[in-house]
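A.B. asks: Whole structure, please, built from the sequences with the hints as guidance.
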Amino acid sequence: MAMLLPGGRGAVEIGKAWPSFHRYAMGGAYGLRLAGSGADVAGLVSFFAPVEFSGVPDTDQPIASVSHLHCPVLILQGSADVITRPDHADRLLAALQEHHRDGRLEKLRRQGHGFTYEGAPMGTCCNFSESATARSVDLVVEFAARLPD
Amino acid sequence: MNAVGTGVTKCGENHGQALRDCAGDPGKGFLAAAKERHIFDNLPKVVPVSFAPFDAKNRRTEAVVEAFSFCMLDLAAK
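Protein sequence lines, in the order shown, are assigned to chains A and B. Heads up: the first sequence begins at 7 in this note's numbering, then just goes up one per residue. Heads up: the second sequence begins at 649 in this note's numbering, then just goes up one per residue.
The hints are simulated quantities; they were obtained by calculation from the structure and are not laboratory data. Backbone N, C-alpha and C fix where the C-beta goes; we use that ideal spot for every residue, glycine too. Accuracy of the hints is not assured; some may be wrong.
Cβ pair distances, simulated, as ranges [said to hold, decoys possible]:
{"hint": "1", "chain 1": "B", "residue 1": "D703", "chain 2": "A", "residue 2": "A151", "range": "35 to 43 angstroms"}
{"hint": "2", "chain 1": "B", "residue 1": "I687", "chain 2": "A", "residue 2": "S60", "range": "21 to 29 angstroms"}
{"hint": "3", "chain 1": "A", "residue 1": "Q103", "chain 2": "B", "residue 2": "N706", "range": "36 to 44 angstroms"}
{"hint": "4", "chain 1": "B", "residue 1": "T709", "chain 2": "A", "residue 2": "P63", "range": "22 to 30 angstroms"}
{"hint": "5", "chain 1": "B", "residue 1": "T709", "chain 2": "A", "residue 2": "S60", "range": "20 to 28 angstroms"}
C.D. replies: Right under this line is the structure:
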C-alpha cells in the first residue's frame with residue numbers, strides 16, 4: 007500500500023499502463039513507480055513495499071524508480087513481516103540515501119504485514135495491532151505536516 | 649489496548665468497529681486507525697472521474713480520479 011500526497015501543480019498525465027509485478031497486491035510497489043513517473047507528488051508513504059521481484063527486468067523493478075523520485079519518502083515496515091520482508095525496506099532506504107533522496111524508515115517492532123501481530127495469518131481474519139496502526143497514523147501525520155505547502 | 653489487554657485487535661472483538669470491519673486486506677488496519685482518528689474528515693474527497701472495470705482482453709482496469717489531498721494506492725489482484 008502507498009499514500010501519495012500530491013503537490014500543487016495540478017494534474018499530470020502520465021498515461022502509462024504498467025505490467026503487473028505479481029499476482030498479489032502491489033500498492034507499495036506501484037506507489038514507487040507512480041511517485042517516480044513524473045506525476046506531481048509532494049510526498050510518498052510507502053507501506054511494507056516490495057522493491058524487487060524475481061523474473062522482472064532490472065529496469066522495471068520498483069527500486070529502479072528511486073533514481074526518478076524527487077519527493078520525501080516515509081517507509082513504514084513491520085519488523086516481523088514475512089510477506090514483504092524487512093530487508094526490502096532496508097534496501098529501499100539505502101537506495102534513497104545512495105541517490106541523496108529524503109528517506110526515513112520506521113520499523114514497527116514485532117509487526118507483520120499490514121501491522122498485524124507477529125505470526126497472524128493473512129487472508130482469513132486480520133489481527134491488526136491497535137498500537138502499531140495508531141503509531142503508523144501518527145508517523146504519517148507528522149510526515150505530511152513537514153511537507154511544503 | 650483492547651479488552652483483554654494484549655493490544656491486539658481481532659475481527660469480532662467487542663471494540664473498534666472499524667478494525668472489526670477488516671477482511672484480509674493489509675491496508676485496512678492503517679485505514680481503520682486513521683478513520684477512527686478522523687484524519688480524513690476535513691480533507692477534500694477524491695472525485696471519481698471514470699472507471700473501466702477489468703477487461704480480460706487487454707488485462708487492464710482503469711480508474712481516473714481527481715485527488716486534491718492524498719491518494720491511497722491499495723491494489724489487490726483478483
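A.B. asks: Against this structure, judge whether each hint is valid.
C.D. replies: Okay, the hints, checked on the actual structure:
1. D703/B x A151/A: 35 to 43 angstroms: Given about 40 angstroms between the Cβ atoms, the range holds.
2. I687/B x S60/A: 21 to 29 angstroms: Cβ of I687/B to Cβ of S60/A: about 36 angstroms, so the range 21 to 29 angstroms is violated.
3. Q103/A x N706/B: 36 to 44 angstroms: holds (39 angstroms)
4. T709/B x P63/A: 22 to 30 angstroms: At roughly 23 angstroms between Cβ atoms, P63/A and T709/B fall inside 22 to 30 angstroms, so the hint holds.
5. T709/B x S60/A: 20 to 28 angstroms: Cβ of T709/B to Cβ of S60/A: about 24 angstroms, so the range 20 to 28 angstroms holds.
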